[in-house]
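Trainee: Chains as they are written, first to last, in full-length UniProt numbering: chain A, 1 to 136; chain B, 1 to 94.
Hint data in this document are derived by calculation from the structure and do not stem from the laboratory. Be aware that a few hints might be false.
Have a look at the derived ranges for each label pair, beta carbon to beta carbon [stated by the list, open to error]:
1. B/Pro28 <-> A/Asp65: 13 to 23 Å
2. A/Gly106 <-> B/Val26: 20 to 30 Å
3. A/Pro84 <-> B/Thr4: 27 to 37 Å
4. B/Lys58 <-> A/Gln107: 24 to 34 Å
5. B/Ile25 <-> A/Arg92: 44 to 54 Å
6. A/Asp108 <-> B/Ile5: 37 to 47 Å
7. A/Gln107 <-> B/Met1: 35 to 45 Å
8. A/Ile73 <-> B/Leu55: 14 to 24 Å
9. B/Pro28 <-> A/Glu5: 28 to 38 Å
10. B/Val51 <-> A/Ile73: 30 to 40 Å
11. B/Ile73 <-> A/Thr37: 22 to 32 Å
Keep in mind the model is a prediction, meaning the values are calculated, not measured. We put the CB at the ideal spot given by N, CA and C, even for glycine.
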Amino acid sequence: MIAMEILEWVAVILVLIGSIISVISAFGLIKLPDVYTRSHAATKSSTLAVMACLLGAFIYFWSHDGYVSIRLILGIIFVFITAPVAGHLICRAAYRSRVPLARNSGQDELKSILFDGDIAATTVQTIEKEKSEENQ
Amino acid sequence: MKETILLLALVFFMVAIALLLYRVIVGPSMPDRAIALDTIGVNLISAIAIVSIVLSTKAFLEAILILGILAFIGTIAFSKYIERGVIVDRNGDS
């Protein structure tokens, strides 16, 4: 009985830790200067917050009701897999759509590789195609 | 005591969602808004988990899975739209 009580307290403390980490992540999203650093704050710490909270919920249901919830484990695994993928895709889209870096960021090694080659050529091609369509 | 701590955690998540709504509204570029919307979805998942603990029901646990899948697919769709749509906008500008 004491063990169940201790497990419930562990679950509640895990949920509280997750909520505090989530608030810290939201402050990071407010304070950081550009998209790339904001995605750093958004994906990592927010994933940790959700995983701590769902693990707390899982332990709580396990100790309080004796109910092992497969759905919560699936939710933990799903968030753990998909959050880094989503952050990477958003950063890729932001860089390809030329969202500027912060003013005091050091150097941009991808710029000479990415924008002197294919992407610039394709944008020029689409510009020319649209101009020809307008002329027609 | 446990209920109080859980409600305090729920209030923390609501504060986080309010701060993220600020970023959604005033965000300087579209990827900012997409990242903030993704994080709002992820925070709503944990808020639903806390609500289902407080109400001591298991009926909301499906909503966690559904909301996780919807947030992920929405973020993928936003990133695809941003990556292609801004090129069209740029042609309109120049």
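Trainee: It remains to establish, for every hint, whether it holds in the given structure.
Mentor: Hint check results:
1. Restraint check, B/Pro28 to A/Asp65: a C-beta distance of roughly 47 Å breaks the suggested window 13 to 23 Å.
2. Evaluation of the 20 to 30 Å hint for A/Gly106 and B/Val26 yields a pass: the beta carbon distance comes to about 27 Å.
3. Checked against the hint of 27 to 37 Å, the C-beta distance between A/Pro84 and B/Thr4 comes to roughly 34 Å, which is consistent with it.
4. Checked against the given bound of 24 to 34 Å, the beta carbons of B/Lys58 and A/Gln107, roughly 52 Å apart, lie outside it.
5. The hint said 44 to 54 Å for the Cβ distance between B/Ile25 and A/Arg92, and at roughly 24 Å that hint is violated.
6. Separated by about 46 Å at the C-beta atoms, A/Asp108 and B/Ile5 satisfy the suggested range of 37 to 47 Å.
7. At about 53 Å, the CB distance of A/Gln107 to B/Met1 disagrees with the hint of 35 to 45 Å.
8. The given range of 14 to 24 Å is respected by A/Ile73 and B/Leu55, whose C-beta atoms sit roughly 21 Å from each other.
9. The beta-carbon spacing between B/Pro28 and A/Glu5, approximately 49 Å, falls outside the hinted interval of 28 to 38 Å.
10. Between B/Val51 and A/Ile73 the beta carbon distance is about 19 Å. The supplied range of 30 to 40 Å is therefore violated.
11. In this structure, B/Ile73 and A/Thr37 meet the distance hint of 22 to 32 Å, their C-beta atoms being roughly 25 Å apart.
Against the hints set out earlier in the document, violations occur for numbers 1, 4, 5, 7, 9 and 10.
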